[in-house]
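Kindly produce the complete structure, drawing on both the sequences and the hints.
Number of protein chains: 2
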Amino acid sequence: MEKIKEVKEYLKKNNIDFCFIVNSNKKDSNFLYFTNFDVDFAYLLIPKKGKTEIIVSEMEYSRAKKYSKIKNIKKFSRSKEIRAYIKKKLNNKRIGINYENVTLGDARRLRKYCKIKDISKFLLKTRSVKTYDEIRNIKKACLTASKIMTKCIDNFYKFKTEKDVENFLIEETQKNDYDLAFKPVVASGYNAAMPHYRAKQVKLKKGFCVIDFGVAYKNYNSDITRTVYIGNPSNKEVELYNKVLSIQEACIKNILPGIKAKKIDSYARKNLSGFIHGLGHGIGVEIHEFPNITEESKDILKKKMVFTIEPGTYKEKKYGIRIEDTVLLKDKPEILTKTYKKLKVINLNS
Amino acid sequence: MEKIKEVKEYLKKNNIDFCFIVNSNKKDSNFLYFTNFDVDFAYLLIPKKGKTEIIVSEMEYSRAKKYSKIKNIKKFSRSKEIRAYIKKKLNNKRIGINYENVTLGDARRLRKYCKIKDISKFLLKTRSVKTYDEIRNIKKACLTASKIMTKCIDNFYKFKTEKDVENFLIEETQKNDYDLAFKPVVASGYNAAMPHYRAKQVKLKKGFCVIDFGVAYKNYNSDITRTVYIGNPSNKEVELYNKVLSIQEACIKNILPGIKAKKIDSYARKNLSGFIHGLGHGIGVEIHEFPNITEESKDILKKKMVFTIEPGTYKEKKYGIRIEDTVLLKDKPEILTKTYKKLKVINLNS
Chain W
4 MEKIKEVKEY LKKNNIDFCF IVNSNKKDSN FLYFTNFDVD FAYLLIPKKG
54 KTEIIVSEME YSRAKKYSKI KNIKKFSRSK EIRAYIKKKL NNKRIGINYE
104 NVTLGDARRL RKYCKIKDIS KFLLKTRSVK TYDEIRNIKK ACLTASKIMT
154 KCIDNFYKFK TEKDVENFLI EETQKNDYDL AFKPVVASGY NAAMPHYRAK
204 QVKLKKGFCV IDFGVAYKNY NSDITRTVYI GNPSNKEVEL YNKVLSIQEA
254 CIKNILPGIK AKKIDSYARK NLSGFIHGLG HGIGVEIHEF PNITEESKDI
304 LKKKMVFTIE PGTYKEKKYG IRIEDTVLLK DKPEILTKTY KKLKVINLNS
Chain E
4 MEKIKEVKEY LKKNNIDFCF IVNSNKKDSN FLYFTNFDVD FAYLLIPKKG
54 KTEIIVSEME YSRAKKYSKI KNIKKFSRSK EIRAYIKKKL NNKRIGINYE
104 NVTLGDARRL RKYCKIKDIS KFLLKTRSVK TYDEIRNIKK ACLTASKIMT
154 KCIDNFYKFK TEKDVENFLI EETQKNDYDL AFKPVVASGY NAAMPHYRAK
204 QVKLKKGFCV IDFGVAYKNY NSDITRTVYI GNPSNKEVEL YNKVLSIQEA
254 CIKNILPGIK AKKIDSYARK NLSGFIHGLG HGIGVEIHEF PNITEESKDI
304 LKKKMVFTIE PGTYKEKKYG IRIEDTVLLK DKPEILTKTY KKLKVINLNS
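So the sequences go chain by chain: W and E.
Start counting the first sequence at 4; every next residue gets the next number (my numbering).
Start counting the second sequence at 4; every next residue gets the next number (my numbering).
Do not rely on the hints blindly, as some may be mistaken.
It does not matter which identical chain is meant; a pair holds if it fits inside one copy or across any two.
Capping the alpha-carbon separation at 25 Å, the derived lysine to any residue pairs in SDA-like fashion look like this [claimed, not checked]:
hint, residue 1, residue 2
1, Lys345, Glu12
2, Lys6, Lys54
3, Lys91, Asn222
4, Lys83, Glu298
5, Lys221, Asp43
6, Lys78, Lys265
7, Lys68, Lys203
8, Lys124, Leu113
9, Lys77, Arg201
10, Lys344, Val42
11, Lys266, His291
12, Lys30, Lys120
13, Lys124, Asp43
14, Lys68, Glu319
Read the hints as simulated data drawn from the structure, not as lab findings.
If you want it as structure tokens, here you go:
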């Protein structure tokens, strides 16, 4: 509830009557964030003063009562009743909405009867600083993702295809009663040159194999990538891996509260060729959230932020290497994902 | 490519220079629809005249070349280069965008240099009428989902918990090398009163158990629900099930090209109490797309549309029953999901 309080203070300071989260045509992760209730179609109303409420359709009412942290629930059986209720509530008011999620269509409908203000930046920044409960959930997700990654690497010699590896990751996630944070990446040989490649029913190729994986606990995500080597790496390949690793470790070590995100990205980029994506991203109820750790980022890294650090080097049609951890920033950075970091060499014939 | 042609004709007729699909902060399923390439961050430009192109970041270039149906691909290594390229292309032009997906934030940036027009309704309607290839993909997805559902019901007596059922569905989907269309619903006893309940690590309860499941083939979805009975149903319970079933079958039988969607919904709603959601929805690359088959729908059902018909009856904290098929409308409706429809009684002690 401390975050709802922050919203109310912001509304007062900015003379806005309501924060209105539209979780309809497009789900808005802010709904999940404030309510902890995962639903396709619902609205959240946080007033400057008074009780926060959610508005749901009849078919979601039982689930809302069971899962929503916001216990003040309005239900309606028809969508026109929902529209009428919202209109009555917001008529002639100043409302703050998330400009980076509300669609033009919804905005056009809202503008007919109320004044809308952009509060997207405020929401991003509020969410980037995690509460005690959020950190606990992310830690649990990271711990489980790490354990599964360890087990996956330990069993790697048994796998025949990329899909075998993916299936192992999915089945272990289910066994632990967690959700996948995203569809895992298992990319061997030249497939690893595609950072978002999806595993196929193809034999594991020799060379580097990138495994990018995460689980979610109570809607909070984890994200970890490891790269193993299938076959016998050349000295040059070992050196290349060690270079990515040393840069990843140096990036993490260099982070202190107050540092500019782009400074960390530049450090990696300056030292690593073939680095074709950003260095990292905030993580929480969304896999990618504030802050961005990229070349163009204007974000500042602060205490209690949780983000990934994931440098990589890629050569089209040849190979890919990426090493990623989820990191919590306290006075110093704390790595939440823990498993092998030295290059693991897999001999498939053993 | 026939759908790209339709877009170009629409642009010409309406004097719009480009259709611009923004698949960035919020993914727009129209990107997946036109390119068959599933990616988080990319843009699609369909000009009134000339070549359609997609714009991607360097990290997605290899995947784009491999998977995108649109082979004219522009790549850039920095997002500011992408923004500059788009600005140059669209400067002072009239562009059609999807008002139901483009955010206020993106619109604010676009309006600085071009005129935007809403083409969301056109896109919805175009997509609702499926091509030969789309129908083939949906049929494959429906066939596999049906086979898995049959196997699930045949093996039901072995399951101890709701999670066991869910895990079975997920593992069978992987074995067949398909993707899940959505997170399955397995809801036993009073949990079945929540249409979107997620399976838990709890013992299967006596009474009706709702299983709502679907797989995707080449990004095209299927959707099927069956309700089984665990234990010995009373005569009243069997009657209730048969009522839902007969209404479901009658709804499908009553559909002919040109009929109003809401007329079919009303028929079910008139005859069924405790029916707390819409009767059905279009299905394609999205699980829920045009047309809506609800009380308030203005949509007309046409040939080559594919949609679900899924009446249900629910009593809070007591029970839930739902029967759903995916249906293709030709001259007559054709049911694409095929498995048991008579009430299956599961004796867990056998």
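Taking the hints in turn, this is what the structure says about them:
| no. | hint | in the structure |
| --- | --- | --- |
| 1 | Lys345 <-> Glu12 | neither (48 Å within a copy, 57 Å between copies) |
| 2 | Lys6 <-> Lys54 | within (14 Å within a copy, 48 Å between copies) |
| 3 | Lys91 <-> Asn222 | neither (32 Å within a copy, 40 Å between copies) |
| 4 | Lys83 <-> Glu298 | between (46 Å within a copy, 10 Å between copies) |
| 5 | Lys221 <-> Asp43 | both (17 Å within a copy, 24 Å between copies) |
| 6 | Lys78 <-> Lys265 | between (45 Å within a copy, 22 Å between copies) |
| 7 | Lys68 <-> Lys203 | between (41 Å within a copy, 17 Å between copies) |
| 8 | Lys124 <-> Leu113 | both (20 Å within a copy, 19 Å between copies) |
| 9 | Lys77 <-> Arg201 | between (41 Å within a copy, 22 Å between copies) |
| 10 | Lys344 <-> Val42 | neither (38 Å within a copy, 29 Å between copies) |
| 11 | Lys266 <-> His291 | within (19 Å within a copy, 43 Å between copies) |
| 12 | Lys30 <-> Lys120 | both (19 Å within a copy, 23 Å between copies) |
| 13 | Lys124 <-> Asp43 | both (23 Å within a copy, 21 Å between copies) |
| 14 | Lys68 <-> Glu319 | between (51 Å within a copy, 11 Å between copies) |
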